[in-house]
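Undergrad: One-letter residues, chain by chain:
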Amino acid sequence: MQNTETAIDSNIDNIKNLVGNKSELVIKYIFIGDKNSLTAAVIYLNAQTDKNIIDRDILNPLMLYVHEDISTIQNVDDYLCKKYIAASNTSIETDINMLPDSINSGKTVIVLNGISNFIVIDTSGGIYRQISEPVSDVSLRGPREGFVENLDTNISILRRRIKDKKLTLHKFKLGKRSQSNFVIVYIEDIVDKDFLQSIEEKISKIDKDFVATNSTIEQLIEEHTYSVFPQTIGSERPDVIEAALMEGKIAFLLEGTPYVTTYPTTFIEFFQTPEDYYGRTVQAFFTRMLRFIASFIVITFPAIYITFTKFNTELIPIEFIESLVQSRKGIALTPFMSLLAMSLTIEFLREGGQRLPGKIGQTLSVVGGIIIGDAAIKAKIVSSSTLLVAGISTVSSFVISNYQMSIAIRFLAYPMLLLSNLLGVLGIIIGWFFILSYLCSFENFGVPYFELNKSDMKDTFIRAPMKNMTERPKIIPNINPIRQRFRGNNK
Amino acid sequence: MNKTQNTFITPSEFTSLLIASFMGIGTLYLPNAVIKDAKQDGWMSCIIGSLYPLYTLFLANYTCNKFPNNDIFTLSEKCFGKILGSILNFIFTSFFIFIETTELAGLSNTFKVYTTPFLKNYQIFLSVLTVTAYTVYKGMKPLGRLCKVLFYLTTMLIFVPIATLKYGSYLNLMPVFGSGFKNIIKASKETAFFYCGSEIAFVIYPFLQDKKNY
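Protein chains in written order, with my numbering: chain A, 15 to 505; chain B, 892 to 1105.
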């Protein structure tokens, strides 16, 4: 909509109304030119702008260096932009309704008397957190930089790493009140167009008052709300996001959060870490196996212990059963009850220790781990073997690299415990069958969550040598399956 | 993302689905059945018995090539009319019900003998059937995926009896053909039950992704 109003005062009033009267708008009137000087107003929002740029590149030249009569010049707004304003990013805006958005994002607007157009200068600044190493995602051999809360910085970090012209950004505004900038990033000739369209449709349907973090978006667009398993993986590290984009995924970058999520996500990704790819192939195989064994132990080990002690004592070797009986002497609680109590106590300790500051957290782990454990055995609440089982399954749960998946797997141990207490070995079998069939039937935005494709085996349980990973994962929809053309010998 | 990826099953999933339908509780007491007539030549009866699933698979292949989009239920209604077709369909379905009940009874017996003697029949039936029904309810594609996963998991079980091979002796197979051809054929008839399950191919072939290869 073209602005027709030319009087400076009414224009300023309109801008004030549009931005909101109660905001911290700074309006500075200046005169431009020596004789017949032109009245102008510089408008910007406090703390969103870099005042050095405004002083040096806008106010200084306009107020001090205009020595001609500019009232005779046609298109004075364009003339000022081209001749006097030394800032790099300037534009002429004709629609007054676009201005609040510019001002809110840290741009400076110059209103000239008698002219309906506005000069918009990019002076965005303000204080943001510097690029630093992410605390939650520590890397040994990878890059040290991490995403920050500033969206432009995050995009520039990605751009610096991927210089491909096919890297595409699609901008959205999310949140009716927060008006957060939101960008989805993908590589145009890899991403599957149908998938992209379905994601874009889902995002455009979001109608919430504010969108705080990427997890909010995740929960608003996800399909399985009551599922235990996490359905989206993300990272604060640009190298992880870069690798995900190269597999044909879509990255979600939201203003105000350093956590970037990628879609679609499959089950296996929660067991992969970037270190697998930076390290040696055999070592990666070893650590991945450790993770799978650990998750198996977390789910099954307490259940097997219950089954063995309660129903199938004949399967325990005779040398071991003596010590087992001795340690259980005088304990009133059943193995199931004591194991449940111990697991819950450890769960409390872990959840409590997470929120506490570091030093108190240490005290908690000492008090919890050593004193409670020791006292529980002395008080004949649990046997030492039960405590050992609970301890091993807790330690194993730390091996799973992703915290959300770790919680999901820990949670699964409880129904498993209950099933084994009711049905014995059959319970464990049924529990595992259910988990597997649930995972197999799980579809995440139309992408299978858990599927074993032969071609994807190179990056599932093992991590094939880099030279052999010639194709992108088949499970992620993409239109360009070739990852690398050269296939060298492994000699 | 394409919808075919999530409705149609791939050839490898089809294969593992068939294997999963072969494998049943029968594998545990198959030797027991053949040894009655064929004695030491039971292995030959097993091979001869496997002709039956091969035959049904060839039939399924033939109908799949002729009518790639109709399963056996629609076909029999087309060929024999509504009434007769429905009766034949009912007989075909009751065959699976028969297999299901035998498998369940065998499963419950095995569990009661070996691991969970404290459970009652209905507890085993209920818990097993709930999970199975859940999986089947989710559709053909998840079933295919699950069978593939289970196929890889159960192939590990093949390596378990290898440890007992060192106690084996070739003398146990001697004399070859000692029990006579008639008895071998007779025993192979017994194996038919353990091999049944391949009939499921008639029902699932419309879900195949690429029908030309079969």
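Derived by calculation from the structure, the hints in this document are not laboratory data. Source: prediction; values computed, not measured. Please note: incorrect hints may appear among the correct ones.
Said to hold, decoys possible - Heads up, incomplete: computed chain A residues facing chain B, CB under 7 angstroms, no partners named:
{"no.": "1", "residue": "I444"}
{"no.": "2", "residue": "C454"}
{"no.": "3", "residue": "N458"}
{"no.": "4", "residue": "E465"}
The C-beta atom is built at its ideal place from N, Cα and C for all residues, glycine as well.
Undergrad: Which of the stated hints cannot be reconciled with the structure, identified by number in ascending sequence?
TA: Structure breaks hint 3 only.
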